[in-house]
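Residue strings, one per chain:
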Amino acid sequence: MKIRRGPATVNGEKSASYATVPRIPGWEGERMLPKPGNLAGLQDTFPEVRESPDKSPRLPDSELGIFVVRKFFMCAIFLALAGNSLSCRKGLSQDKDLASSPRIVSLAPNLTEIVFALSMGDHLAGVTDFCDYPPEARTKPRLGGLKNISLEAVLAKNPDIIFATKDGNDLTLIAELQRFGLKVEAYQPRTIDEVLDTILGIGKELGRQNQAEQLVAHLRDQGRFVVNSVAGAKPVSVLLAYQREPLILAGPGTFADDLIKKAGGINIAADAKIPYPIYSMEIVIAKRPEFILDVSMSEPDSVDKAREQFWSRWPDIPAVKNGKVAVMNPDLINRPGPRLFTGLIQMAEILHPERFKVKK
Amino acid sequence: MALVTRSRLFSILGLFLLALIFSILFALFFGPARINFNFFEMTRQFIALLRSEPLSGDGAIVFRVRLPRALLAVLVGGGLALAGASFQALLRNPLADPYILGVSGGSAFAAIIGMIFSSSFSFGAVPIFAFLGALAAIFLAIAAARTSGKLPVITLLLAGVVVNAFFAALVMFLLSVSSSRHLPSAIYWMMGQISSRSYSAIGLTALYYLPALLVLLALGRDFNLFALGEEPAGQLGVNVERSKLLVSIFASLLTAVAVSVSGLIGFVGLMVPHIIRMAFGPDHRLLLPASFLFGGIFLLLCDLVARVIIAPAELPVGVITAILGGPFFIWLLHRSREQFSR
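Protein sequence lines correspond, in order, to chains C and A.
Heads up, the first sequence is in our numbering, so the first residue is 36 and it goes up one at a time.
Heads up, the second sequence is in our numbering, so the first residue is 347 and it goes up one at a time.
Be a bit skeptical, because a hint or two may be false.
If you only want the chain C side, here are some residues facing chain A, beta carbon under 10 Å, derived [said to hold, decoys possible]:
1. Val251
2. Asp293
3. Lys296
4. Lys297
5. Ile301
6. Arg348
Under 10 Å between C-beta atoms, here's a sample of chain C residues computed to sit facing chain A [to be verified]:
7. Ala307
8. Ile318
9. Gln344
Hint data in this document are derived by calculation from the structure and do not stem from the laboratory.
Even glycine gets a Cβ: it sits at the ideal position worked out from N, Cα and C.
Please construct the entire structure, taking both the sequences and the accompanying hints into account.
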């Protein structure tokens with residue numbers, strides 16, 4: 036059995052095939068869709084995104100000296116009042132213009148992506164171990180995993196604003212940070228539309244409303260493009276596996292479930308009562324899915340063998356029999372950030388290739 | 347101690363074997379998917395399976411999903427129960443279970459290392475890691491407990507507990523520093539799960555089992571003498587130290603194989619021998635094989651519950667055995683307080 040890789044796979048490195056993505060009918064300027072998994076594409080679409088994010092006025096050297104002295108002075112006060120760090124912190128942050136050079140801490144990979152998409156990545160003072168996109172995010176200081184973020188490390192960054200997720204992060208940590216007088220904005224998008232709200236919310240916090248609105252409009256266009264493209268196509272049944280052993284599928288209420296519906300598919304695991312069920316293989320066989328989307332993880336190629344071995348053990352599933360097993364980058368499916376829409380386009384392309392033929 | 351007669355031994359074991367076969371058939375009929383169970387058609391599907399021809403949907407469900415899973419549940423449950431019975435006899439301790447010599451900690455640690463380094467929960471490498479980890483833990487415990495050629499039971503127990511705690515701490519360490527996406531796999535693996543493996547994997551498991559089964563079942567008479575205490579057993583002609591070493595190695599081997607295919611399934615190895623002992627007495631010539639058969643039946647039925655109770659989703663079978671096992675064990679302790687507090 037031959038397992039097909041998604042048109043563009045891990046981390047956008049193999050996204051060359053997307054150079055020929057169809058033009059969006061009726062979309063002004065006939066702009067190209069962004070390359071999947073590559074936010075740089077967005078910058079092509081929005082030249083204004085490219086402007087230097089660092090708009091903080093550069094101080095002349097002489098003034099810089101004064102500034103440094105003043106900072107030093109503040110630090111001295113800070114040390115003197117070590118017992119009362121809270122008020123001192125507030126004093127420091129009031130000093131700055133939040134809109135121009137805020138110190139941002141992001142406690143989730145999707146929020147990091149959104150901050151970068153709003154060209155504020157340079158201001159990120161700290162991210163999580165899981166923040167791996169865009170590649171620049173890997174160069175940012177890491178504060179811990181999602182659940183075990185170091186309170187001390189966050190405080191040391193003296194952030195002006197902290198972005199967190201309610202489900203992903205530890206709630207006691209968020210409360211603790213707030214107790215220290217820090218500004219924490221927690222988001223929990225549960226649907227694709229709520230992801231757009233999160234983008235707008237973060238844009239507002241960072242003084243980037245215009246850019247956030249443009250990004251959201253662009254993503255909406257992508258969504259509309261997919262929905263229009265698959266409109267009227269016969270829905271196909273889809274199995275989306277997060278993991279193979281045990282077999283964990285996308286249940287109701289997941290982003291994957293939402294994406295499958297929008298991409299013109301029927302999620303076979305929509306009848307499970309939990310979002311990430313260990314799913315019964317015999318029910319899979321009984322439901323005869325036409326497509327299998329394996330999003331188990333972005334693995335090195337050597338592991339493709341394990342994937343192939345696993346699925347080829349079930350030749351009685353139509354998707355396996357007909358070679359309709361595709362691999363997708365899980366971050367395009369699970370991570371509630373701008374790339375969900377890239378995932379949507381890829382998925383629709385896999386499920387309804389006939390609707391996405393390039394006209395030359 | 348009341349020994350069973352030969353005829354009683356064989357009739358009880360025969361009944362258990364029959365019950366096992368019926369349980370397997372029941373597990374083939376029964377599941378979350380509704381299938382049309384036509385005997386004639388199923389026979390044809392079975393022949394198609396043997397010829398590796400394509401199966402119909404119902405045939406695939408019965409012969410690719412349910413049958414391999416049932417066989418694996420029987421092997422794992424039987425192996426764990428037999429290992430538990432052996433350890434209880436060897437250590438003369440009713441709380442002994444198959445994981446007593448650090449097997450669970452050692453195998454979990456090694457399996458998680460395997461998951462991180464193979465960067466996937468592929469069933470190629472992980473069971474081998476688990477197996478090696480279990481063996482390493484056992485030999486560590488035996489080496490630590492061994493003093494001048496002897497293997498004192500209390501020291502062995504303690505060494506096992508310490509080795510297990512050590513490896514469990516390493517597991518916690520790995521889980522908290524790992525930013526790996528394989529974490530969920532690792533956690534499910536530790537909960538214990540029977541899956542529909544390929545027939546070749548099941549055959550391999552059975553092959554590993556064979557030497558351990560033969561050795562342990564042959565030791566029934568020695569175990570009976572062991573119950574009198576180590577010294578009397580030695581005086582009655584049992585090579586005590588050799589038996590202890592054999593049992594430690596082979597019972598742990600059995601456990602390690604079971605763990606490597608299905609993760610950590612608790613309570614089976616503890617409960618099943620107690621149930622058999624309460625029902626048929628402590629004669630190990632009966633207790634050991636009956637524990638194996640009943641352990642298989644028990645885990646098969648637990649797995650059946652795990653498959654159907656929240657269908658179309660499934661529970662890890664380790665959850666079922668623990669939920670059933672916990673209250674049972676408390677009841678057992680309550681019932682036999684006097685016996686255990688001697």
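Each hint, compared with the structure:
1. With a least beta-carbon distance of about 29 Å to chain A, the hint placing Val251/C at the interface is violated under the 10 Å criterion.
2. For Asp293/C, the shortest C-beta to C-beta distance to chain A is roughly 19 Å, which exceeds 10 Å, and the interface hint is violated.
3. Given hint, Lys296/C at the interface with chain A, is violated; its Cβ is 18 Å from that chain's nearest Cβ, farther than 10 Å.
4. Residue-level restraint check for Lys297/C is violated (minimum Cβ-Cβ distance to chain A is 23 Å; threshold 10 Å).
5. For Ile301/C, the suggested interface contact is broken, since its CB lies about 15 Å from the closest CB of chain A, more than 10 Å.
6. Using the Cβ-Cβ criterion of 10 Å, the hint placing Arg348/C at the interface with chain A is satisfied: the shortest such distance is roughly 6 Å.
7. A hinted interface residue such as Ala307/C counts as satisfied when its beta carbon comes closer than 10 Å to some beta carbon of chain A; here the least separation is about 5 Å, so the hint holds.
8. Because the smallest distance between the Cβ of Ile318/C and any Cβ of chain A comes to about 4 Å, under 10 Å, the interface hint for this residue holds.
9. At about 8 Å, the closest approach between the beta carbon of Gln344/C and any beta carbon in chain A falls short of 10 Å, and the interface hint on this residue holds.
The earlier numbered hints that this structure contradicts are 1, 2, 3, 4 and 5.
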